[in-house]
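Asker: Here are the chains, one letter per residue:
2 protein chains.
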Amino acid sequence: MCEANIYIINSEPDDENPGELFLEAVDKIVPEGENLWRLTSIFGEQKTLVGRIHSMRLVEHQILFERMEI
Amino acid sequence: MCEANIYIINSEPDDENPGELFLEAVDKIVPEGENLWRLTSIFGEQKTLVGRIHSMRLVEHQILFERMEI
Chain A
1 MCEANIYIIN
11 SEPDDENPGE
21 LFLEAVDKIV
31 PEGENLWRLT
41 SIFGEQKTLV
51 GRIHSMRLVE
61 HQILFERMEI
Chain B
71 MCEANIYIIN
81 SEPDDENPGE
91 LFLEAVDKIV
101 PEGENLWRLT
111 SIFGEQKTLV
121 GRIHSMRLVE
131 HQILFERMEI
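Top to bottom, those sequences are chains A and B.
Under my numbering, the letters of the first sequence match residues 1 to 70, in that order.
Under my numbering, the letters of the second sequence match residues 71 to 140, in that order.
Honestly, I wouldn't trust all of these hints.
[Said to hold, decoys possible] Restricting the straight-line Cα-Cα distance to at most 30 Å, the calculated cross-link-like pairs of lysine-lysine (DSSO-like) are:
#, chain 1, residue 1, chain 2, residue 2
1, B, Lys98, A, Lys28
2, B, Lys98, A, Lys47
3, B, Lys117, A, Lys28
4, B, Lys117, B, Lys98
[Stated by the list, open to error] Cβ-to-Cβ under 7 Å is the rule here; a few derived chain A residues that face chain B:
#, residue
5, Lys28
6, Leu36
7, Arg57
[What the hints assert, rightly or not] The following residues of chain A were derived to be distant from chain B, with all beta-carbon distances above 10 Å:
#, residue
8, Glu16
9, Gly19
10, Gly44
11, Gln46
12, Arg52
13, Ser55
14, His61
15, Glu69
If you're looking for bench data, these hints aren't it; they were derived computationally from the structure.
All figures in this text were calculated on a predicted structure; none of them were measured in a lab.
Glycine included, every Cβ here is placed at the ideal spot set by N, Cα and C.
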């Protein structure tokens, strides 16, 4: 399956340490407002995240966000 | 492989017709500015897109954008 893991980057991410894992196995990502994202995993778990997309590497199953203050 | 196809939505997308195919088999997506995205496919093809993310369904290999005027 082609879900991705969502990470919050700290400083400059590298391949071995992309950042803090926020939610695993995410299927659906839908923006719900300015820099507000609703994430749904393949297991049905939902979390919201306030941040900006830093980068996506789908083949590596990695989506990196920069967290923002609300 | 877990690449995704990038679509530009027209009106309300449905499962059979998510929109206009913009780039197939995308691996990397990196923002390069406000609503400006650089897409790179697994074949090395690169395109830039001005728009907002409408939704992602990674298990379905679909990422939908709303195109914006520059």
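Asker: State for each hint whether it applies.
Answerer: Okay, the hints, checked on the actual structure:
At most 30 Å may separate the alpha-carbon atoms for a hinted pair to count; B/Lys98 and A/Lys28 meet this at roughly 17 Å. Simply put, B/Lys98 and A/Lys47 have alpha-carbon atoms about 23 Å apart, close enough for the 30 Å limit, and the pair holds. Restraint check for B/Lys117 and A/Lys28: the C-alpha separation of about 23 Å stays at or below 30 Å, so the hint holds. As the CA atoms of B/Lys117 and B/Lys98 are separated by approximately 11 Å, the hinted pair is consistent with the 30 Å bound.
With its C-beta approaching chain B no nearer than about 6 Å, A/Lys28 sits inside the 7 Å limit, and its interface hint holds. Against a cut-off of 7 Å between C-beta atoms, the interface hint on A/Leu36 is violated, since the closest Cβ of chain B lies about 12 Å away. Taken as an interface hint, A/Arg57 checks out: its beta carbon lies about 6 Å from the nearest beta carbon of chain B, inside 7 Å. At roughly 18 Å, the least C-beta separation between A/Glu16 and chain B is larger than 10 Å, which holds for a residue marked as non-interface.
A cut-off of 10 Å between C-beta atoms confirms that A/Gly19 is not in contact with chain B; the least separation is 15 Å. Look at A/Gly44: its CB is around 13 Å from the nearest CB on chain B, clear of 10 Å, so calling it non-interface holds up. Non-interface status of A/Gln46 relative to chain B is upheld: no Cβ of that chain comes within 10 Å, the nearest being about 14 Å off. Not every C-beta of chain B lies more than 10 Å from that of A/Arg52, the closest at about 7 Å, which undercuts listing it as non-interface.
Look at A/Ser55: its CB is around 5 Å from the nearest CB on chain B, not clear of 10 Å, so calling it non-interface is violated. With a closest Cβ-Cβ approach of about 6 Å to chain B, A/His61 is found to fall inside the 10 Å limit, against its non-interface label. For A/Glu69, the shortest C-beta to C-beta distance to chain B comes to about 19 Å, beyond the 10 Å cut-off, and the non-interface label holds.
Comparing the model with each numbered hint stated earlier shows that hints 6, 12, 13, 14 do not hold.
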